[in-house]
Amino acid sequence: MKKRMLHSIAAIATASILGAGVAVADESAELIVNGEIAIVTHTAPPAHLADAMDEIISGWVFRMDGTQSMQADDFDNPGMIWVEAAAEAWAKPEGTEGKSCADCHGAPEEMAGVKAVYPKWNEAAGEVRTLQMQMNDCRENRMGAEAWGYDKSPAINMEALLSSVSRGMPVNVAIDGPAQSTWEQGREMYYARTGQLELSCASCHEQNYGNMIRADHLSQGQINGFPTYRLKNAKLNGVHSRFKGCVRDTRAATYKPGSSDFVALELYVTSRANGLSVEGPSVRN
Amino acid sequence: MASGVKPRVKVPKTAAAGDSVTIKTLISHKMESGQRKDKEGNLIPRSIINRFTCDFNGANVIDVALEAAISTNPYFEFDAKVDASGDFQFTWYDDDGDVYEASKSISVS
Chain R
1 MKKRMLHSIA
11 AIATASILGA
21 GVAVADESAE
31 LIVNGEIAIV
41 THTAPPAHLA
51 DAMDEIISGW
61 VFRMDGTQSM
71 QADDFDNPGM
81 IWVEAAAEAW
91 AKPEGTEGKS
101 CADCHGAPEE
111 MAGVKAVYPK
121 WNEAAGEVRT
131 LQMQMNDCRE
141 NRMGAEAWGY
151 DKSPAINMEA
161 LLSSVSRGMP
171 VNVAIDGPAQ
181 STWEQGREMY
191 YARTGQLELS
201 CASCHEQNYG
211 NMIRADHLSQ
221 GQINGFPTYR
231 LKNAKLNGVH
241 SRFKGCVRDT
251 RAATYKPGSS
261 DFVALELYVT
271 SRANGLSVEG
281 PSVRN
Chain D
1 MASGVKPRVK
11 VPKTAAAGDS
21 VTIKTLISHK
31 MESGQRKDKE
41 GNLIPRSIIN
51 RFTCDFNGAN
61 VIDVALEAAI
71 STNPYFEFDA
81 KVDASGDFQF
91 TWYDDDGDVY
101 EASKSISVS
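Protein chains in written order, with my numbering: chain R, 1 to 285; chain D, 1 to 109.
Since the hints were made in silico from the structure, they are not lab data. All of these numbers come straight from a predicted model, not from anything done at the bench. All C-beta atoms, glycine included, are put in the ideal place defined by N, C-alpha and C. Hints should not be assumed to be uniformly reliable.
[To be verified] Short derived list, chain D residues pointing at chain R, Cβ under 7 Å:
1. S3
2. K10
3. S28
4. K30
5. T72
[Unchecked claim] List of simulated lysine-lysine pairs, DSBU-like, C-alpha gap at most 30 Å:
6. K37/D - K104/D
7. K99/R - K152/R
8. K13/D - K232/R
9. K30/D - K256/R
10. K152/R - K232/R
11. K104/D - K92/R
12. K24/D - K10/D
13. K39/D - K81/D
14. K244/R - K37/D
15. K256/R - K37/D
16. K232/R - K6/D
17. K152/R - K92/R
18. K37/D - K235/R
19. K104/D - K235/R
20. K30/D - K6/D
21. K232/R - K10/D
22. K232/R - K81/D
23. K30/D - K92/R
24. K37/D - K6/D
25. K232/R - K244/R
26. K24/D - K104/D
27. K244/R - K24/D
28. K6/D - K92/R
29. K256/R - K39/D
30. K235/R - K24/D
31. K13/D - K152/R
32. K99/R - K244/R
33. K232/R - K24/D
34. K235/R - K30/D
35. K39/D - K152/R
36. K152/R - K244/R
37. K39/D - K244/R
38. K10/D - K92/R
39. K235/R - K10/D
40. K120/R - K99/R
Go ahead and model the full structure; you've got the sequences and the hints to work with.
See below:
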């Protein structure tokens, strides 16, 4: 009796795996945004990952057809609403100096390529900085304005604007030289099992990508598409907020967005996408 | 007026007479459902777009009644058959009485 029950449970499990398989998108689809920006969604891993992975794959590949096509056109991509809002903020003077981003940097398009190399070592500050940290440096020291909260909407919108002008460019963060120790700290975190569930980032995103974790299709956890518009919360999401969600899901005490731990993790995880295209604002579920 | 409202529309610039063209519209709007509570437990009043219409050269193409369960930033995509050049007129009606409008021309050959 018991044996038969186990059999039927196994049969149900098989059926549900097959059922889930139907909902998964065509993994050979290609992404071209607005009919002009070709996005690299599959490529060879960077040298530091060559032993662990055969191929690095954008999270876009793991999403369903409907979600994928939303990202292929800026009108259909809801993330672009906030990019437009940031373009207005870009030109708006703020702070005691009465300066806007545009006064020093010109048009947002002139920042093309910046997102691709962040997080990046800042020599004067002696630390690795994310784009949001650098933006706040500008705001506080050049504009005399108040810093934006980490991953709060003004900051995440501006990051999305800077990302949107770099779309299609290969992610290329430096992991050697002065950034190396921070990168190693991030790698340590990536492979460390954590929380009551004793999961590391690698447990899901390196060893089990492509498999289903209950109803979710596990991606490689690449962050080249951040900031990301998520259908589940209908807004742009920052990398650190996403990390926080993942760490929470392992049932561990999580770190704060903007903390040095998450900066290190962002540098390391970004380096795993070296070679994929900058995609943000991407559309995910 | 609800804050941050901005209508967007996408209509092809040209078409052949008798063609069916795809029209996309999106309006940024918070679409507060009236079901949620704030930190003090008070109900946040409903504030949504309750109607959307599209007219072509004065003739109605689509007229939609929106309800509270519709998500933030409502998006509509629909087809319209065009026989002659003209203007598409788009109108969104807010709960607070505001009306947001947009228009796009199409040249038909």
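Hints, verified against the model:
1. The criterion of a C-beta within 7 Å of any C-beta in chain R is not met by S3/D, whose closest approach is roughly 11 Å, and the hint is violated.
2. For the restraint placing K10/D at the interface with chain R, the shortest Cβ-Cβ distance is roughly 5 Å, inside the 7 Å limit, so the hint holds.
3. Checking S28/D against chain R by beta carbon gives a least distance of about 5 Å; that is within 7 Å, so the hint holds.
4. For K30/D, the interface hint is violated, since its Cβ never comes within 7 Å of a Cβ in chain R; the closest pair sits about 10 Å apart.
5. The interface hint given for T72/D holds, since its Cβ lies 5 Å from the closest Cβ of chain R, which is under the 7 Å cut-off.
6. Only pairs whose Cα atoms come within 30 Å are accepted, and K37/D paired with K104/D is rejected, the gap being roughly 39 Å.
7. Note on K99/R and K152/R: the hinted pairing holds, with a Cα-Cα distance of about 21 Å set against a maximum of 30 Å.
8. With a C-alpha separation of about 34 Å, the suggested pairing of K13/D with K232/R is violated against the 30 Å cut-off.
9. At roughly 28 Å between alpha-carbon atoms, K30/D and K256/R fall within 30 Å of each other, so this suggested pair holds.
10. The suggested pairing of K152/R with K232/R holds, with an alpha-carbon distance near 18 Å, which does not exceed 30 Å.
11. Between K104/D and K92/R the CA atoms are separated by roughly 29 Å; this keeps the pair inside 30 Å, and the hint holds.
12. The suggested pairing of K24/D with K10/D holds, with an alpha-carbon distance near 5 Å, which does not exceed 30 Å.
13. Using a Cα cut-off of 30 Å, the hinted pair K39/D and K81/D is violated, with the two alpha carbons roughly 49 Å apart.
14. At roughly 25 Å between alpha-carbon atoms, K244/R and K37/D fall within 30 Å of each other, so this suggested pair holds.
15. Distance restraint check for K256/R and K37/D: the Cα-Cα separation of roughly 27 Å lies within the 30 Å cut-off, and the hinted pair is therefore satisfied.
16. Of the supplied pair hints, the one linking K232/R and K6/D holds, its CA atoms being roughly 22 Å apart against a limit of 30 Å.
17. For the proposed pair K152/R and K92/R, the alpha carbon gap of about 18 Å is at most 30 Å, so the pair holds.
18. Only pairs whose Cα atoms come within 30 Å are accepted, and K37/D paired with K235/R is accepted, the gap being roughly 20 Å.
19. Between K104/D and K235/R, the direct Cα distance comes to roughly 28 Å. Compliance with the 30 Å bound is thereby established for this hinted pair.
20. In summary, the hint linking K30/D to K6/D is supported, as the alpha carbons are separated by about 11 Å, within the 30 Å threshold.
21. Straight-line distance between C-alpha atoms of K232/R and K10/D comes to about 25 Å, which keeps the hinted pair within the 30 Å bound.
22. Pair hint K232/R plus K81/D does not hold up; C-alpha atoms about 34 Å apart against a cutoff of 30 Å.
23. Distance check on the hinted pair: K30/D and K92/R sit about 23 Å apart at the alpha-carbon level, within 30 Å; holds.
24. Proximity of K37/D to K6/D is assessed by CA-CA distance (about 26 Å); at most 30 Å being required, the pair is judged to hold.
25. A hinted pair counts as satisfied when its Cα atoms are at most 30 Å apart, and K232/R with K244/R qualifies at roughly 16 Å.
26. The straight-line distance between the Cα atoms of K24/D and K104/D is roughly 11 Å, inside the 30 Å bound, and the hint therefore holds.
27. For the hint linking K244/R to K24/D, the alpha-carbon distance of about 35 Å lies beyond 30 Å, and the restraint is violated.
28. Between K6/D and K92/R the alpha-carbon distance is near 18 Å, which keeps this suggested pair within the 30 Å criterion.
29. Restraint check for K256/R and K39/D: the C-alpha separation of about 23 Å stays at or below 30 Å, so the hint holds.
30. Taken as a hint, the K235/R and K24/D pair is honoured in the structure, with Cα atoms around 20 Å apart against an allowance of 30 Å.
31. Only pairs whose Cα atoms come within 30 Å are accepted, and K13/D paired with K152/R is rejected, the gap being roughly 38 Å.
32. A C-alpha spacing of about 34 Å is found between K99/R and K244/R, which places the hinted pair above 30 Å, so the restraint is violated.
33. Taking the CA atoms of K232/R and K24/D, the gap is about 22 Å. The hint holds against a cut of 30 Å.
34. Under the criterion of a C-alpha separation no larger than 30 Å, the hint pairing K235/R with K30/D is consistent with the structure, at around 11 Å.
35. Restraint check for K39/D and K152/R: the C-alpha separation of about 19 Å stays at or below 30 Å, so the hint holds.
36. Taking the CA atoms of K152/R and K244/R, the gap is near 14 Å; set against the 30 Å cutoff, the hint holds.
37. Between K39/D and K244/R the alpha-carbon distance is near 23 Å, which keeps this suggested pair within the 30 Å criterion.
38. In summary, the hint linking K10/D to K92/R is supported, as the alpha carbons are separated by about 27 Å, within the 30 Å threshold.
39. Under the criterion of a C-alpha separation no larger than 30 Å, the hint pairing K235/R with K10/D is consistent with the structure, at around 22 Å.
40. As the CA atoms of K120/R and K99/R are separated by approximately 25 Å, the hinted pair is consistent with the 30 Å bound.
Against the hints set out earlier in the document, violations occur for numbers 1, 4, 6, 8, 13, 22, 27, 31 and 32.
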